[in-house]
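Below are the chains, spelled out letter by letter.
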Amino acid sequence: MSTPSTIWRSHKELNNYLGKQGKLVVWTKILVAPKGFENQVPYLVGIVQFNNERMPVQIVDCNESELKINQKMEVVIRKIGKAKSEDVIEYGVKVKPRS
Amino acid sequence: MKIKVLGTGITKFGELWDQSLESLAQEAALEAINDSRLTIDDIEAVYVGNMIYGKTANQDQLGALIASKLGLKGGSLRVEGACASGGLAVHLACQSIQAGTYKNVLVVGVEKMTDVGTSEITSALMGAGSEMERKAGLTFPGLYALMAKTHMEKYGTTKKHLAEVSVKNHFHASMNDKAQFPFEITLEKALKSPEICSPLTLFDASPITDGAAAVVLSSENDGKGVYITGSAVATDTVDLSDRKSLTEIPATKEASQKALKMAGVDIKDIDIAEVHDCFTIAEILAMEDLGFCKKGEGGDFIKKGYTRLGGKMPVNTSGGLKACGHPVGATGVKQIVEIATQLLGKAGKRQAKDVKIGLTQNVGGSGATVVVHVLSL
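Protein chains in written order, with the working numbering: chain A, -10 to 88; chain B, 13 to 389.
No wet-lab data here; the hints were simulated from the structure.
Fair warning: there could be bad hints in the mix.
Unchecked claim - Stretch by stretch, here's where chain B covers chain A in the computed footprint (C-beta under 8 angstroms, at least three residues):
no.: 1; segment: 7 to 17
no.: 2; segment: 21 to 30
no.: 3; segment: 43 to 52
no.: 4; segment: 55 to 67
Said to hold, decoys possible - Capping the alpha-carbon separation at 20 angstroms, the derived lysine to any residue pairs in SDA-like fashion look like this:
no.: 5; chain 1: B; residue 1: K147; chain 2: A; residue 2: S88
no.: 6; chain 1: B; residue 1: K24; chain 2: B; residue 2: R362
no.: 7; chain 1: A; residue 1: K71; chain 2: B; residue 2: K24
no.: 8; chain 1: A; residue 1: K71; chain 2: B; residue 2: K204
no.: 9; chain 1: B; residue 1: K147; chain 2: A; residue 2: V65
no.: 10; chain 1: B; residue 1: K147; chain 2: A; residue 2: E55
no.: 11; chain 1: B; residue 1: K307; chain 2: B; residue 2: R362
no.: 12; chain 1: B; residue 1: K204; chain 2: A; residue 2: V21
We treat Cβ as the ideally placed atom computed from N, Cα and C, and that holds for glycine.
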């Protein structure tokens, strides 16, 4: 669960991800969402391989038909889900195809 | 290890709006105690397998809650390991008997899931995932979809292979009046069902279910009945992306090898199995990782009918999670109930022939916790 303090802690990490590039390992299109993500359905989520780590991330700014395995992706910082009860907007890491 | 399964009990699985978590647990427990021919006073401890009731109903301390409903005053505790909570509860109960702490232990697996909406349940279940997975908007269908898509790309597994698992398990459930979906489906119907998470469709997924299952385990050893002869747990990363491969669940291999060694049997000796088909791809992975077939060949292995009732090694005769239903905390206990019932020859219309040694595989999360039990006559 996100609270102002957990959001504050995670926001301090965001700088480390800015500008990162990686490769798409696999993806899926989610049609039944958990709480906070219902208004985004359908949306794409994948696993992206960065240098030494793999990460699960939402894929934005593209259609599923444009995606290919091993495609180059780049990190963008975007809003995560809906604003929480304390009205703090949470930002986090997503990826888009590298242009 | 030789722990006797002295009694079993199970409720109807399904959308049971007139039943509460307590009434479900009580019904299964009393049936198991009655079946064991013990009295309540003979039961020294209760282990309760449950995953999400604390979140959905704000009720914790389920060990004491359920023990006190039954009038039990001995040891009681709740065990949580996502969808492997039930299997873990059985494992701990076996440990306590083997350690000599208790002689007779009751294990109850129970989950009440239909009191809240789909998005709330989807979120509650994602408690078994990682924080990064939750922030990515992933769901359990989503995580298994990533594994399914990778398996398809790597080994040529098809949507038809996935649908075959669903058709088989519905066929088995059609002979189980406790099942949530006690009816058959056609391959066409499975293939045409709506997509929930590409490439998985609605008929690739186990349902949201209310239900309970219970077993009475005992140190008694009179040479009659069914015994748990192997019980093992293995662990992996909670986050799927932290694993080297997306097409295998290594904890299944590890837990099954340990449990088989403990039981002194080989995987080839297994006559019948209940495996964790939370999604159809999971049954394909289970066949491969348990070693019933080679990696990548799980789809064809199932399609050929080996694991259908009447085949050489029936799998998920209860209907599996797909068609019998998946009350998450109850599933691991239900698997023990089904195998014990089959080995005793009491499975009625769905009775498998000549079964002496059975295996259960219960998975938590996307493979972070796996519990394997071996049972034999």
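- prompt: Given the hint that K71 (chain A) pairs with K24 (chain B), does the C-alpha gap stay at or below 20 angstroms?
  reply: Cα-Cα ~38 angstroms, so violated.
- prompt: K147 (chain B) and V65 (chain A): Cα distance at most 20 angstroms?
  reply: At roughly 14 angstroms apart (the allowed maximum being 20 angstroms), V65 (chain A) and K147 (chain B) satisfy the hint.
field: chain B covers the segment 7 to 17 of chain A, three or more CB atoms within 8 angstroms, holds or violated
entry: The restraint on the segment 7 to 17 of chain A holds, since 4 of its residues have a Cβ under 8 angstroms from chain B and three suffice.
- request: Measure nothing beyond the straight line between the CA atoms of K147 (chain B) and E55 (chain A); if it is 20 angstroms or shorter, mark the hint as holding.
  value: 23 angstroms, violated
query: Is the hinted pair K204 (chain B) and V21 (chain A) satisfied, with a Cα-Cα distance of at most 20 angstroms?
result: 17 angstroms, holds
- prompt: Per the coverage rule (Cβ-Cβ under 8 angstroms, at least three residues), is the segment 55 to 67 of chain A covered by chain B?
  reply: violated (count 1)
message: Next pair to validate is K24 (chain B) with R362 (chain B); report whether the Cα-Cα distance is within 20 angstroms.
response: Holds - the C-alpha atoms of R362 (chain B) and K24 (chain B) are around 16 angstroms apart, at most 20 angstroms.
- prompt: Checking C-beta pairs, does the segment 43 to 52 of chain A have three or more residues closer than 8 angstroms to chain B?
  reply: holds (count 5)
- request: Tell me if chain B covers the segment 21 to 30 of chain A under the three-residue, 8 angstroms CB rule, please?
  value: The restraint on the segment 21 to 30 of chain A holds, since 8 of its residues have a Cβ under 8 angstroms from chain B and three suffice.
- prompt: Given the hint that K307 (chain B) pairs with R362 (chain B), does the C-alpha gap stay at or below 20 angstroms?
  reply: Outside the cut-off at roughly 29 angstroms; violated.
task: Could you grab the alpha-carbon distance between K71 (chain A) and K204 (chain B) and see if it respects the 20 angstroms cut-off?
output: Violated, at about 33 angstroms.
Proposed proximity, S88 (chain A) with K147 (chain B) (alpha carbon, max 20 angstroms): 24 angstroms, violated
The earlier numbered hints that this structure contradicts are 4, 5, 7, 8, 10, 11.
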